[in-house]
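This is what each chain is made of:
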Amino acid sequence: MKILVQKFGGTSVDRPEHRALAARKVIQARDAGYSPVVVVSAIGRAGAPYATDTLIKFLKDVDPQTSPSERELDMMMACGEIISTAVFAQTLTAKGCKAIALSGGQAGIITDPKFGDARISEIRPQYILRLLEQGYIPVVCGFQGITEPAVDYEHGAITTLGRGGSDTTAAALGVALHAHAVEIFTDVDGIKTADPDLVPAALTLVSCSYEEVAEIAHQGAKVVHPRAAELAMDHDIPLWVKSTFSDAPGTCIAVRDSKASPRLTGITHTGRAVFIRLEIGDTVHKQQIEREVYRMMARAGVSIYFVTFSARTLSFVVDRKVYPIARDLLDGMVVPIPHDPAECGGKVGTFYIFKYSDGQDLAYSVQRPLLEPMEGSITVRDVPATAVENCTVISVIASGHRAQAGVMAKIFECLSCAGVPIYQTADTEMSISFLISETDVDRSVTLLHGLLFENNAVS
Amino acid sequence: MNRLSTSQQQLTRGPRVSFERARGIYALHVTRDVAHAKVQLKEGDERIGATTRILNALAKANIAIFLIKLHKSGLTFALAGSNLSRAEATLSHFDVAVTTRRDLAVVAIIAGSMREVSGIMTDISDALLTAGATIYETGDSHDSVQCLIEEDRLNDSISRLLDTFELPESAVEEHPLYANTRDDQP
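Those sequence lines, one after another, are chains A and B.
Using my numbering, read the first sequence as starting at 19 and increasing by one per residue.
Using my numbering, read the second sequence as starting at 25 and increasing by one per residue.
Because the hints were derived from the structure by calculation, they are not lab data.
As the structure is a computational prediction, the values presented were derived from the model and not from experiment.
Possibly wrong hints are sitting among the right ones.
[Said to hold, decoys possible] Derived lysine-lysine pairs resembling DSS-like cross-links, with alpha carbons at most 27 angstroms apart:
#1 A/304 / A/132
#2 A/20 / A/78
#3 A/428 / B/96
#4 A/304 / B/66
#5 B/62 / B/96
#6 A/339 / A/132
#7 B/84 / A/304
#8 A/240 / A/339
#9 A/20 / A/132
#10 B/62 / B/84
#11 A/78 / A/428
#12 A/428 / B/66
#13 A/75 / A/20
#14 B/84 / B/96
#15 B/96 / B/66
#16 A/113 / A/20
#17 B/84 / B/66
#18 A/428 / B/62
#19 A/75 / A/240
#20 A/428 / B/84
#21 A/304 / B/96
[To be verified] Far from chain B by the CB rule (all over 12 angstroms, computed), these chain A residues:
#22 91
#23 147
#24 148
#25 150
#26 168
#27 251
#28 258
#29 261
#30 333
#31 349
#32 368
#33 443
#34 447
[Claimed, not checked] Computed footprint of chain A on chain B; a stretch qualifies when at least three of its residues, placed anywhere within it, have a C-beta under 8 angstroms from a C-beta of chain A:
#35 121-131
#36 148-158
#37 161-167
#38 185-196
Note that the Cβ used here is the ideal one computed from N, Cα and C, for glycine as well.
Produce the entire structure from the sequences given, and follow the hints as far as they go.
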């Protein structure tokens with residue numbers, strides 16, 4: 019039995035004519051000798067009557083003052099896929115197929131009990147396999163599973179898998195069923211070298227490695243969820259990204275030869291960020307101060323990235339939505355470092371106090387005078403802080419760039435010549451990222467795409 | 025995301041679950057024989073133009089660099105230790121102050137969705153400090169935090185990081201820097 023898992027996203031199942039096109043893909047697979055297993059997302063996107071966001075709002079509207087529990091939220095959200103699954107199974111049945119709708123639990127998808135962001139711990143595929151042997155086309159709810167039914171705590175509770183959950187369901191079923199391949203159907207005809215809304219000349223990749231697609235997805239492209247790519251990679255299941263609405267061949271995601279030449283795969287952009295820079299100064303206490311900053315941010319649940327330090331400064335990026343928290347933490351923050359008075363001219367310590375630029379230094383302006391009476395026995399040093407708001411990150415996906423000289427130089431020169439200020443860079447084995455102003459994103463992506471892709475063959 | 029409770033931490037640490045990768049840290053990647061260069065531009069140098077010329081010269085000399093960081097008065101980067109002398113020779117053509125150091129290593133802490141979990145940087149810096157390592161440079165991404173440290177502190181650092189993140193020794197993987205370098209690049 020050659021099993022093919024086919025996943026259809028919300029826009030592929032939102033209207034009868036779209037469902038008909040999706041059903042055609044399933045029937046084509048069956049006619050080609052495959053045993054299809056279908057995974058569907060909720061019908062439509064935000065605003066549609068059965069879309070996940072609509073269902074969440076329905077529950078929250080019961081009483082806006084009382085937040086629903088995560089468990090009940092998951093049960094509510096799961097309804098979107100249940101409705102979609104029943105409708106799609108009926109669509110297939112109406113076309114003469116023997117189809118059956120299954121919830122995540124019925125499909126044997128067992129997760130941990132972390133509601134809203136559960137991880138699949140196990141899949142028990144026996145029921146699906148039995149249905150396939152009987153000639154059924156199982157239509158499985160994406161995005162959901164259940165907790166272990168045999169455990170007293172939360173036994174068999176419905177869980178959801180978090181963002182990109184339906185892609186994850188498809189990849190996990192592909193693994194559990196030893197599928198020939200997993201096909202992710204969407205509204206674009208494959209993985210693009212850039213966002214086609216920004217770059218109409220963006221190319222469709224013929225093939226791509228798991229690592230590349232995971233990187234592309236993590237860096238902002240909405241093609242395949244990285245969890246799905248990682249699952250497929252870890253278990254070596256071929257993954258395809260195809261369009262429901264065309265017969266274009268799509269992009270094949272598979273293992274890439276580790277000895278293959280370095281290559282460029284795409285340009286992505288993501289995130290609304292704020293770049294924070296702290297002028298700690300040339301002090302032996304710098305490392306301790308940095309640790310206190312990390313600790314303070316962690317305590318407040320603020321993730322920091324693009325961390326850079328020099329002899330005198332520490333800089334990092336935070337997401338814009340948590341910037342007010344970060345700013346409030348840093349404004350007036352005091353890091354006291356005790357000394358041995360005998361070694362420091364009788365002073366018992368140095369107090370470092372963080373100061374934002376004028377107008378944003380309310381806590382500093384209140385706290386700084388409070389330290390003045392102590393200045394006979396302590397040293398007080400200001401740590402000026404500045405922030406660049408409205409930043410974003412663009413990334414060039416460049417596998418193997420660390421073995422290839424010149425990639426960074428090419429990109430830096432391109433952006434610099436165009437007058438795009440680069441606040442900071444970050445690189446991994448798979449990508450090079452640049453922190454730039456949000457207002458420069460469109461032209462930066464267009465320029466880099468022209469430089470890196472439109473004069474190069476990409477395959 | 026807020027710091028995780030103890031029960032949640034039990035879910036976030038340790039090796040991969042049978043199906044999906046576990047949340048949080050699951051591996052340490054180690055790269056040996058790495059060098060670090062600090063290039064200080066002269067006061068009054070136009071930073072962007074000077075940086076561009078330096079990057080282009082290194083590219084022309086076929087020297088791959090990484091962990092590149094831009095500073096107000098210069099730039100820093102890492103490179104393969106074996107390329108250091110060629111990099112120094114290349115940089116000697118510029119009127120800049122260059123400080124280099126070899127015998128460093130990169131330890132990369134690998135996680136699923138690193139940026140959704142706060143506090144990892146604190147844990148890493150505490151572990152490395154306890155191991156007596158100096159962090160010369162860091163780099164981070166959605167799935168990793170890379171720290172450039174002294175190679176002779178590597179073993180202690182790995183032990184501390186394994187303890188901190190409750191990882192088995194099998195979580196450590198060697199990642200040679202230039203596994204696929206070719207002489208004819210770029």
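Status of each hint after checking the structure:
1. A/304 / A/132: Judged against 27 angstroms, a Cα distance of about 39 angstroms means the pair is violated.
2. A/20 / A/78: Between residue 20 of chain A and residue 78 of chain A the Cα gap is close to 44 angstroms, so the pair fails against 27 angstroms, i.e. violated.
3. A/428 / B/96: Roughly 21 angstroms separates the two Cα atoms, so the pair holds.
4. A/304 / B/66: holds, 24 angstroms
5. B/62 / B/96: It holds: about 12 angstroms lies between the C-alpha atoms, which stays within 27 angstroms.
6. A/339 / A/132: Since the Cα atoms of residue 339 of chain A and residue 132 of chain A sit roughly 24 angstroms apart, the hinted pair holds (cutoff 27 angstroms).
7. B/84 / A/304: Given that 27 angstroms is the threshold and the Cα spacing comes to 36 angstroms, the pair is violated.
8. A/240 / A/339: holds, 21 angstroms
9. A/20 / A/132: Judged against 27 angstroms, a Cα distance of about 34 angstroms means the pair is violated.
10. B/62 / B/84: Roughly 19 angstroms between the alpha carbons, so the hint for residue 62 of chain B and residue 84 of chain B holds.
11. A/78 / A/428: Violated - the C-alpha atoms of residue 428 of chain A and residue 78 of chain A are around 50 angstroms apart, more than 27 angstroms.
12. A/428 / B/66: The given pair, whose Cα atoms are some 23 angstroms apart, holds under the 27 angstroms limit.
13. A/75 / A/20: Cα-Cα ~41 angstroms, so violated.
14. B/84 / B/96: holds, 25 angstroms
15. B/96 / B/66: Cα-Cα ~11 angstroms, so holds.
16. A/113 / A/20: Status holds; Cα separation ~22 angstroms.
17. B/84 / B/66: holds, 23 angstroms
18. A/428 / B/62: Status holds; Cα separation ~21 angstroms.
19. A/75 / A/240: Holds, at roughly 24 angstroms.
20. A/428 / B/84: Satisfied, since the Cα-Cα distance of roughly 11 angstroms is no more than 27 angstroms.
21. A/304 / B/96: Given that 27 angstroms is the threshold and the Cα spacing comes to 18 angstroms, the pair holds.
22. 91: holds, 16 angstroms
23. 147: holds, 17 angstroms
24. 148: Answer for residue 148 of chain A: holds, closest chain B Cβ roughly 21 angstroms.
25. 150: Holds, since 20 angstroms exceeds 12 angstroms.
26. 168: About 16 angstroms separates residue 168 of chain A from the closest Cβ of chain B, which puts it past 12 angstroms; holds.
27. 251: violated, 10 angstroms
28. 258: Non-interface label stands for residue 258 of chain A: nearest chain B Cβ at 20 angstroms, farther than 12 angstroms.
29. 261: Non-interface label on residue 261 of chain A holds, nearest chain B Cβ at 27 angstroms vs cutoff 12 angstroms.
30. 333: Given a closest Cβ separation of 9 angstroms, the condition is violated.
31. 349: holds, 19 angstroms
32. 368: holds, 19 angstroms
33. 443: Answer for residue 443 of chain A: violated, closest chain B Cβ roughly 5 angstroms.
34. 447: violated, 8 angstroms
35. 121-131: violated (count 0)
36. 148-158: Contact hint for the region 148-158 of chain B vs chain A: holds, 3 residues under 8 angstroms.
37. 161-167: holds (count 6)
38. 185-196: violated (count 0)
Hint violations for this structure: numbers 1, 2, 7, 9, 11, 13, 27, 30, 33, 34, 35 and 38, all remaining hints satisfied.
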